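**Student:** Chain by chain, the residues:
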Amino acid sequence: MARSVRPNQIFRNVNAKIAAIPMVLTAMVVFVGCTIWTVVHSFTNSKLLPKLDFVGFAQYERLWATRRWLISIENLAIYGICSLIFSFAVGFLLAALMDQKIRFENTFRTIILYPFALSFVVTGLVWQWILNPEFGVQNVIRSIGFSNFTFDPLYDAKIVIFGILIAGLWQGTGFIMVIMLAGLRGIDVDIWKASRVDGIPKWKTYLFVVIPMMRPVFITALVLISAGIVKVYDLVIAQTNGGPGIASEVPAKYVMDTMFRNQNLGQGFAASTMMLVSVLVILIPWAYLEFGGRKNDK
Amino acid sequence: MTSVSIRNLDLQFGSVKVLKQLNLEIDHGEFLVLLGASGCGKSTLLNCIAGLLDVSDGQIFINENNVTWEEPSNRGIGMVFQSYALYPQMTVEGNLSFGLKNAKVPKDEINKRVARAAEVLQIEPLLKRKPAALSGGQRQRVAIGRALVRDVDVFLFDEPLSNLDAKLRADLRVEIKRLHQKLNNTMIYVTHDQVEAMTLADRIAIMKAGLIQQLDSPAEIYNRPVNKYVADFIGSPSMNFLEGELSSQGQFKVGGTVIDLKGYDYVDGPVASPVWFGFRPEHAVAGEGAEHQPATFQVVAEIVEPMGSDTLVWTKIEDQAFRVRMDGQAKISTGDAFTLGFDPARASIFDKETELRV
Amino acid sequence: MTNNTETTSTLMAGPRGPKPTKLLSPRNIMLYGTLIVVALYYLLPLYVMVVTSLKGMPEIRLGNIFSPPVEITTAPWTRAWSEACTGLNCEGLSRGFWNSVRILLPSVALSIAIASVNGYALANWKFKGANVFFTILIFGAFIPYQVMIYPIVIILRELKLFGSLGGLVLVHTVFGMPILTLLFRNYFTSLPEELFKAARVDGAGFWGIYFRIMLPMSLPIFVVAMILQVTGIWNDFLFGVIYTKPDTYPMTVQLNNIVNSVQGVKEYNVNMAATLLTGVVPLIIYFVSGKLFVRGIAAGAVKG
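Residue numbers (numbering that gives the first Met the number 0), protein chains in the order written: chain A, 0 to 297; chain B, 0 to 357; chain C, 0 to 303.
Hints in this document: simulated from the structure, not taken from any laboratory.
You can trust all of the hints, since none of them are fake.
Pairs of lysine-lysine residues, derived as PhoX-like cross-links and limited to a Cα-Cα distance of at most 20 Å, are as follows:
no.	chain 1	residue 1	chain 2	residue 2
1	B	K100	A	K203
2	A	K203	B	K103
3	C	K18	B	K19
4	A	K100	C	K290
5	C	K18	B	K16
6	C	K18	A	K201
7	A	K100	C	K21
8	A	K100	C	K18
9	B	K103	A	K201
Keep in mind that this is a model prediction, so the values were computed, not measured.
Starting from the given sequences, assemble the full structure and let the hints guide the process.
**Tutor:** Printed below as a string of structure tokens:
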């Protein structure tokens, strides 16, 4: 038998490597390369064009001294915390209701999830119309006799972010419900049987047995919601365009405006790097839990 | 006194009838095994008894109380599941006491019952651990413990040993038997494993397609199966079946051979008809003792399967496959001719058409 | 002890058959009541969009937004489709619609083709380092787009693709990669490995196995990927606004420009017709695909 020559390592599996080139390019050039490029340029005083004129943390100092950025951060925090709490609570509650072997489950799920198929622009514009003070909810309620009723979130700087929150929740809660429902369906049916034999009321089973078992699902939902919150942009553009004044600005919009409208690239890069940092703050502990946890299993 | 009584039970999902007009009386302290292939309705029946499934028609009595509409927790039952179904975030102690706490049982009573269950099942050192830190066998003990602390008369087991490996299964089987001897409660046990059924049961109910085929003691089911399905299902290696004719004089004719069925215990007496002649491989004798048997044949070993403790030899009688179980040390190899003998009184004969015992 | 007949009769009496359930039990009222209220809340915006788009402006100014139209008119729809203005251009949304279609078709085809082959390579032809790149890819999906937007502008400019449909197609392909690769990798991993091994023993190669074995078995997952991409790309706003020029703006961008333009009198009925028109494509996909849509979005959430 002829002695077989061990083929060169590079040419082993060569088709698979060719097939993976787009992935490698995406991962290395776009995700890693572009991110590093932006982070590096955030330390320069690039204006209209990017240039490597390093100014240390000057852009960050300016950023954190800008009122518009601070308002953006504050809005994002309020929006983020509220939408986390509400989408978790409402999403789980709805999923639990859907899990009661109800009739027309498909119909209810279809109705609650459909906004998720829509564009944020569409969502923003519809709610802009519904919350319109002249014609919308406020007008309707005034016209049935409560003439002093005021509900004008989109033109009231103090509560405008909650107007956006209403729209965001309308769009996103269905998705969280679907994830939670999948989690509930993943629970061993014998657990439910055992708790019935033990005579434990349903709500107690949810509280003490099922919810603790759903931890991985909750973590996944948490990461997905959080990543979505940081990216909030289209919704604000469509619903308020940051107004009234700068009352509903968000970080993503700040980045876009400084980069493309104000031609202040360095500032935009610094702001986007801050967004990246906030995502890493969520992502790194999660990754640590995921991979640390997996090692413990083995 | 009956402990569990099932009357005219029907269950259907949509148009599919899963249980059909089922009747079953179980005595106090009896160990009843529901045995059958998957999909025969045995687990469904157990779930109905537990109250986890609503019946379509019929009644269920436990301790002479009509519990047909009762919640599972009020039926006086404890249940053990195949997947253990332990509450994963609670310690073993928490698992055992959760139901009792919820039922507002006084604290020292809970402690007493948990301690007793832990002692009976020898899980005292595990009480502070969580289920994830336990082995499969330990988990199943805890699951049994959870049924035990409920202090009930009827235990329901839904394939409790199926998730365990063969050795652990054998160990825990003995333990369940010991538990039954000690507590003497009624136990209803679902399994597809005939060894578990034979070793544990006082009576076995063999089910197929939502009907009980035979309800009898293990010995009776083994020796006098009521139909061909039961005969084929019980026993490993399974029963040989020779196709032939029964004459009204009590003779079985297969090909050119006539076997006189002297001593066979007929249900109704011999009627001339085509039949299956069933015979267990372990009841046939090969070699030296064979000549003294009422029926003898000269056969050739076609396939030899040595299994250590015994050897299974495939031969043919009148061109129909016939297996013989021999001693593990038997010196026989493929192609060897030998004498085979058996006593037709130990056979089981089934009508070809109805497949019922003749 | 009672006599025998009495025992039998008392035993045979009592509950029998299924436990009677009341249709209007407090539990059911609570359960379905809550669900119906929630469903109405979710349907409300859709309803408002529809009724507003069918009213004339005078009726809108007088009435309330929840009342059904007294006089149904389809004029707002035709205006939205062919006459609505963005700035000086008054060609209506139809231009945005066709732009979106022109962006959508190649983006969906290209991203699915590349990601499916990639997922197949990752599932069945593991090579050294593949998992490192895959991990980076998945984590990359969480990076805010704003971080990568500007360098991509530079890359597209270098490739002479900036401002063209081709550039946007490339961007959609890149950013669709993580979720689609994950989807396909998990699917191909779930197929029995023996199938792949048997094909290899029979002498089939990388592409042979992909086209003749994997592809025919994977129709459902391709449909799921398609649903995911069609809705995702159609609904995109950010990439459209950055990487295209006003002539090639996708529908969402044009919609926003029409509705939020500050010039002229606000025509709310036209705005809502335009909004509905933009939402109608993903809605049709959603209602037709049903469970597959759910499977697609859940695939992103449930990690493999």
